[in-house]
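J.: Sequence:
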Amino acid sequence: MPKQRSTKQRSTKERSNGAAKPQRRDPAATRNKLLTAARREFAKNGLAGARVDEIAERAGVNKQLVYHYFGDKDALYLAVLEWVYEEIRTQERKLNLEGLPPERAIKKLIESSFDHLALHPDFIVLLNDENRNGARHVRASPRIEDMHSPLVSMVSKILKEGVRAGTFRRGINPVHLYISIAGLSYFFFSNTPTLSAIFGKDLSSVAAKRARRKHVVDLVMQALRP
Numbered sequence: 001m002p003k004q005r006s007t008k009q010r011s012t013k014e015r016s017n018g019a020a021k022p023q024r025r026d027p028a029a030t031r032n033k034l035l036t037a038a039r040r041e042f043a044k045n046g047l048a049g050a051r052v053d054e055i056a057e058r059a060g061v062n063k064q065l066v067y068h069y070f071g072d073k074d075a076l077y078l079a080v081l082e083w084v085y086e087e088i089r090t091q092e093r094k095l096n097l098e099g100l101p102p103e104r105a106i107k108k109l110i111e112s113s114f115d116h117l118a119l120h121p122d123f124i125v126l127l128n129d130e131n132r133n134g135a136r137h138v139r140a141s142p143r144i145e146d147m148h149s150p151l152v153s154m155v156s157k158i159l160k161e162g163v164r165a166g167t168f169r170r171g172i173n174p175v176h177l178y179i180s181i182a183g184l185s186y187f188f189f190s191n192t193p194t195l196s197a198i199f200g201k202d203l204s205s206v207a208a209k210r211a212r213r214k215h216v217v218d219l220v221m222q223a224l225r226p
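Mapping the sequence shown onto UniProt numbering, position 134 (from 1) lands on 134, and the numbers just tick up by one.
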């Protein structure tokens, strides 16, 4: 009997402490944990080398939850791509470029693009991996396509205002302009190790990045002038 009373007392104590209560899952928090873990794993190993087991372990959740929330590894990979694209589009929207003089607006866009790549090296790694895969995930995402339509419209409007103001020349294609802005920074960051080795300079230094940022701004702005 004393043994039974002891067991009953432990059970009562456990219930009072909440130890026996099932934990309620927070779907949004779990999904975000998986996305964060997947972003790191895909950036480290690419789509082909990433392992669902490792993603689940990084997130601290059961492997089956990956399939529950995303379906499969490819769908999770696409969700990560949509996330990183949304980050840069959100940053650009926060600039409120359409309320600025045309020259100032384009300059801020260039600086923002450069700074985003400097702060998010995994963005470059993920895009490189997706390009190796032929952009098949990006092509399958209406969401990513929808993100870029407003961007092209915004850049086009700024260019037209610059032409009217006499600060920009006519005939600049907004898509090509954005590709040039992104490419001048993207190439620098994606090839920093090899470029540093080739030219014998530490292009990863703060001074080198500051100089490159200014060069990109000057180059693009000069190209836009009448």
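Misleading hints may appear alongside valid ones.
List of simulated lysine-lysine pairs, BS3-like, C-alpha gap at most 27 Å [stated by the list, open to error]: (1) K63 to K33; (2) K108 to K209; (3) K33 to K44; (4) K73 to K44; (5) K44 to K107; (6) K214 to K33; (7) K214 to K107; (8) K108 to K157; (9) K157 to K94; (10) K107 to K63; (11) K107 to K94; (12) K63 to K44; (13) K160 to K44; (14) K94 to K73; (15) K201 to K94; (16) K108 to K214; (17) K63 to K209; (18) K157 to K73; (19) K63 to K73; (20) K107 to K33; (21) K33 to K73; (22) K63 to K157; (23) K160 to K108; (24) K44 to K157; (25) K160 to K214; (26) K108 to K94.
The following label-pair restraints were derived from C-beta to C-beta distances [stated by the list, open to error]: (27) V206 to N133: 31 to 39 Å; (28) K160 to K63: 30 to 38 Å; (29) K214 to D74: 49 to 57 Å.
Derived from the structure by calculation, the hints contain no laboratory data.
Just so you know, even glycine gets a beta-carbon here, dropped at the ideal spot from N, CA and C.
J.: Run every hint past the structure and note whether it holds.
T.: Consistency of the hints with the structure:
no. : hint                     : verdict
1   : K63 to K33               : holds, 12 Å
2   : K108 to K209             : holds, 16 Å
3   : K33 to K44               : holds, 17 Å
4   : K73 to K44               : holds, 15 Å
5   : K44 to K107              : violated, 33 Å
6   : K214 to K33              : violated, 37 Å
7   : K214 to K107             : holds, 10 Å
8   : K108 to K157             : holds, 15 Å
9   : K157 to K94              : holds, 17 Å
10  : K107 to K63              : violated, 45 Å
11  : K107 to K94              : holds, 15 Å
12  : K63 to K44               : holds, 19 Å
13  : K160 to K44              : violated, 42 Å
14  : K94 to K73               : violated, 32 Å
15  : K201 to K94              : violated, 35 Å
16  : K108 to K214             : holds, 12 Å
17  : K63 to K209              : violated, 41 Å
18  : K157 to K73              : violated, 39 Å
19  : K63 to K73               : holds, 11 Å
20  : K107 to K33              : violated, 36 Å
21  : K33 to K73               : holds, 15 Å
22  : K63 to K157              : violated, 47 Å
23  : K160 to K108             : holds, 17 Å
24  : K44 to K157              : violated, 39 Å
25  : K160 to K214             : holds, 24 Å
26  : K108 to K94              : holds, 11 Å
27  : V206 to N133: 31 to 39 Å : holds, 33 Å
28  : K160 to K63: 30 to 38 Å  : violated, 52 Å
29  : K214 to D74: 49 to 57 Å  : violated, 41 Å
In summary, the structure is inconsistent with hints 5, 6, 10, 13, 14, 15, 17, 18, 20, 22, 24, 28, 29 from the numbered list given earlier, while agreeing with the others.
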